[in-house]
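Asker: Fit chain F to the known structure of chain W by using the hints.
So the protein sequences, as listed, match chains W and F. Heads up: the first sequence is residues 0 to 449, going by numbering that gives the first Met the number 0. Heads up: the second sequence is residues 0 to 449, going by numbering that gives the first Met the number 0.
What the hints contain is simulated information worked out from the structure, not anything from laboratory work. It cannot be assumed that every hint is accurate.
Just so you know, same-sequence chains aren't split out, so a pair can sit in one copy or run between any two.
As the list claims (entries may be wrong) - Pairs of lysine to any residue, SDA-like flavour, derived with a Cα cap of 25 Å:
no.: 1; residue 1: Lys335; residue 2: Ala265
no.: 2; residue 1: Lys335; residue 2: Leu193
no.: 3; residue 1: Lys158; residue 2: Phe141
no.: 4; residue 1: Lys335; residue 2: Thr83
no.: 5; residue 1: Lys188; residue 2: Asp24
no.: 6; residue 1: Lys150; residue 2: Glu196
no.: 7; residue 1: Lys335; residue 2: Asn263
no.: 8; residue 1: Lys335; residue 2: Leu295
no.: 9; residue 1: Lys188; residue 2: Ser274
no.: 10; residue 1: Lys335; residue 2: Arg77
no.: 11; residue 1: Lys150; residue 2: Glu234
no.: 12; residue 1: Lys335; residue 2: Gln213
no.: 13; residue 1: Lys335; residue 2: Asp296
no.: 14; residue 1: Lys188; residue 2: Asp154
no.: 15; residue 1: Lys158; residue 2: Gln362
no.: 16; residue 1: Lys158; residue 2: Asp433
no.: 17; residue 1: Lys158; residue 2: Ser192
no.: 18; residue 1: Lys335; residue 2: Val267
no.: 19; residue 1: Lys335; residue 2: Gln147
Fair warning: this is a prediction, and the values are worked out from it, not measured in the lab.
Protein chains: 2
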Amino acid sequence: MIRYRARWIVPITSPPEADGIVAVDGERVAYAGPASAAPPGDEVNLGDVILMPGLINAHCHLELTAMRGFLEDLDFRRWILRLTSARQAVLDRDALLDSARYGIEEGLRAGITTYGDTSDSAVGIQAMREAAVRGIVYQEVFGPDPSQCAKSIADLREKVAGLRYLETPLVRVGVSPHAPYTVSDELFKATASLARELMLPVAVHIAESELESQLVSTASGAFADGLRRRGITVERRAESPIALLDACGVLAARPLLIHCVRVNAADVDRIASSSSSVAHCPVSNAKLGHGVAPLLDLLEAGIPVGLGSDSMASNNRMALLEEARVALLAQRAVSKLCDAPQAADVIELATIAGARALGIDAQVGSLEVGKQADLAAFAIDPAVPIQDPVAALVFSISGARARFVSVAGRVLVRDGELVSPRAGLAERMQSLADALAAWLDSGGEMQGSV
Amino acid sequence: MIRYRARWIVPITSPPEADGIVAVDGERVAYAGPASAAPPGDEVNLGDVILMPGLINAHCHLELTAMRGFLEDLDFRRWILRLTSARQAVLDRDALLDSARYGIEEGLRAGITTYGDTSDSAVGIQAMREAAVRGIVYQEVFGPDPSQCAKSIADLREKVAGLRYLETPLVRVGVSPHAPYTVSDELFKATASLARELMLPVAVHIAESELESQLVSTASGAFADGLRRRGITVERRAESPIALLDACGVLAARPLLIHCVRVNAADVDRIASSSSSVAHCPVSNAKLGHGVAPLLDLLEAGIPVGLGSDSMASNNRMALLEEARVALLAQRAVSKLCDAPQAADVIELATIAGARALGIDAQVGSLEVGKQADLAAFAIDPAVPIQDPVAALVFSISGARARFVSVAGRVLVRDGELVSPRAGLAERMQSLADALAAWLDSGGEMQGSV
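The shape of chain W in the complex, shown without the other chains (with noise of 0.2 Å):
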């Protein structure tokens, strides 16, 4: 038995508690309170430091790490354009893994253990293997065009039965039909079967941009006039990207939908009624123009709601204190409230709320006994007084500074440090960040086919 001491800790689904203990036996949370009831161990003092369940990154693309600031400032066709021609010219299944693995070294030091992670090449699940953490990879499918739908699903079923040997109690495989403007309503629907059928997570981008909507709800706009040019018949398909997902049984499967900016009421309702979560991911979809997804219309109708730093290339950094600070911000400043959401409503997304949306709550989220041991601790600054230890953290401490970090009770961050770094990925980042600008500087940059 470890017990670890801390300035406070912040259990979630119980109150601060100043000179607090976590007692970890095995991979397991054995005692969380204060330190005078703290059953006996080999104590480790974690000093001034909040001490709290690790963070959970709802979504994120792992492989693009690479691409961070690659991709600024342009409008989101050519954003999606320039990225898909570029991961397939320049990063090959090497560097998409050393992206993937930098990726989560990032999310360590801010003290994120759980990923959700959607990708192309599922290079992701290697890599957590490897660091030792927590997540879901969701194997994106593609394929706008309804003729491609069987291919597409004997390819998805083949990668996913590879995936399913990889599994392991910490890292779960599920599948991601990607988004309306690359899946057709048969490969949504050919998705959410095979979901189902093999009993996988699913997890869509869905009702992000204007652009999306034009696409599904009035067949125009810039997605559809692409579509078209590949010889693609368009149509009117529902009249909200989140009913075309009713309509062609994807919510059915409960999945974790992604971004949610566009949604009304009746969409509210269905994500609702249909027991699906959400992953809110409000720097991305600020950075990019989509706007501010309604938080607290999505909360109100009792749907789980993560917080999602999305990828590198449109966030560009996987810091989700920092990124429950935005949540906040971006809706007091929308909904014109001084008081909701309150500091503790966003801590939780990052937290129990995400957990729920991704299925594993009963395992973590808040320190409770018997869940697994996936902590993070970030440091006080002794120059900061602290009030209330949950709004210090969404408010005064900065979003990259876990000093201390276990997943299933291995210690992953100590000292504020990584405990086994990966040698020369920095340099190989740097590499790859060279051939990206080296690419794009030589007329790389192409139409690609979205």
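Answerer: This is chain F only, laid out in the frame that chain W set:
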């Protein structure tokens, strides 16, 4: 002559340079450009950093730093009441001075070299002199009752006379009629007149809350009710808060207009045609539920806009790179634009445009030969490749990690540490926080005078 070498320099008024040097001769910049063409001198290699002009915080309340976390989730009127009564009851002059000192230490750690400090006690002037930073201390004046006007102005004249003895080449004195809900029309007029007579810079909180707009344009709402309870006659004063300042002659003094969340097209014209400037405080405006100021409209009109942290009671961090990032995100989220403002635009707000807003752009705000050597350098994570240093400053670099800071050539932060931290300050700040909490617990909060 000292040559500061950096992986990148970002001069603001000229393009970034890789492997750059800023040469400093005494208190001035003697060279800023590629290392290959730099003049000889003793070289200090700052390493993997972005070296740029020191950041300019166009609006803060240094004396309120001790109140961080003490005023969460209150509506605006209660927020003001608790702040005012706690300041009176708990924070004596020594406490306010420590608070200002700590605010500057926090600002220096975040690369801030200039402080636009709005203050009741004016302790900021002593704190700035001690710390050898640059700034303007705007002495606040209050008085919603027109019958108090003569006394308020006499007091203000006396305070300013005392403060001007403390002015230095780095630190100047200004005046600030606080806000429409605490200042009568008569006092606005008299303060503007005093400022013109004494050639003092003026700052005023304006167009921040909906309550303020209601008071000014319809003589209704909680501020109006509060004033009436004090026996003060409340009538419609103008069509908008900016129109009120115009009518009272305040715009003729070319003030720094703090907030400007609630301004319409006519207000933007009034601000532009009077050559007034704006302090934009996006985090504070969002956190307190006021909304998002129309930054793009203000910039389009050619108005000089600086970036302000506002007080630690509302923000709660003095981290201007973070503030720039939130400025960009909030604006894009509301405007639904993916490419405006750009990273370079918000970095200008934090540097040269902030200098312009404070009227000191001939001295600071860019790396140009002859300007004051106010410098800040931010560490680049070696594992985070940089495509564009300006985008990296906004999106990828955390807000509080200046490696090096100088003001007028004097080094104040070296290797990420304050050169002269004040002994015992952190402990005294903790005591102040404890005293504030005890005051609150003992029922100290009461109806104040706003």
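Asker: Are the hints correct? Go through all of them and say.
Answerer: Here is what the structure says about each hint:
1. In this assembly of identical chains, Lys335 and Ala265 lie within 25 Å of each other by CA distance both inside one copy and across copies; the values are 23 Å within and 23 Å between.
2. For the identical chains of this complex, Lys335 and Leu193 are neighbours neither inside a copy (43 Å) nor across copies (36 Å), given an alpha-carbon limit of 25 Å.
3. In this homomeric assembly, Lys158 and Phe141 come within 25 Å of each other (Cα to Cα) only inside a single copy, at 13 Å, whereas the closest approach across copies is 70 Å.
4. When the C-alpha separation of Lys335 and Thr83 is checked against a cutoff of 25 Å, the pair qualifies only between copies, where the shortest distance is 23 Å, while the shortest distance within a copy is 38 Å.
5. With identical chains, the CA atoms of Lys188 and Asp24 are never at most 25 Å apart, being 44 Å at best within one copy and 70 Å at best between copies.
6. For the homomeric pair Lys150 and Glu196, the shortest alpha-carbon distance inside one copy (18 Å) is at most 25 Å, but the shortest distance between copies (81 Å) is not.
7. In the homo-oligomer, the alpha carbons of Lys335 and Asn263 lie at most 25 Å apart both inside one protomer (19 Å) and across protomers (17 Å), since each shortest distance falls under that limit.
8. Both within a single protomer and between protomers do Lys335 and Leu295 lie at most 25 Å apart by alpha-carbon distance, with minima of 12 Å and 20 Å respectively.
9. Taking the closest pair of Cα atoms, Lys188 and Ser274 come within 25 Å of each other only inside a single copy of the chain (18 Å); across copies the shortest separation is 60 Å, beyond that limit.
10. In this assembly of identical chains, the alpha carbons of Lys335 and Arg77 lie at most 25 Å apart only when taken from different copies (16 Å versus 33 Å within one copy).
11. Taking the shortest alpha-carbon separations for Lys150 and Glu234, only the intra-copy value of 23 Å comes in at or below 25 Å, while the best inter-copy value is 73 Å.
12. Proximity of Lys335 to Gln213 under the C-alpha cut-off of 25 Å is restricted to the inter-copy arrangement: shortest distance 15 Å between copies versus 28 Å within a copy.
13. Proximity of Lys335 to Asp296 under the C-alpha cut-off of 25 Å is found in both arrangements, the shortest distances being 14 Å within a copy and 20 Å between copies.
14. When the C-alpha separation of Lys188 and Asp154 is checked against a cutoff of 25 Å, the pair qualifies only within one copy, where the shortest distance is 15 Å, while the shortest distance between copies is 76 Å.
15. When the C-alpha separation of Lys158 and Gln362 is checked against a cutoff of 25 Å, the pair qualifies neither within a copy, at 27 Å, nor between copies, at 62 Å.
16. In this assembly of identical chains, the alpha carbons of Lys158 and Asp433 never lie at most 25 Å apart, being 31 Å within a copy and 58 Å across copies at closest.
17. Proximity of Lys158 to Ser192 under the C-alpha cut-off of 25 Å is restricted to the intra-copy arrangement: shortest distance 16 Å within a copy versus 76 Å between copies.
18. Taking the shortest Cα distances, Lys335 and Val267 sit within 25 Å of each other both inside one copy (21 Å) and across copies (22 Å).
19. Taking the shortest alpha-carbon separations for Lys335 and Gln147, neither the intra-copy value of 47 Å nor the inter-copy value of 34 Å comes in at or below 25 Å.
In this structure, the hints that do not hold are numbers 2, 5, 15, 16 and 19, in rising order.
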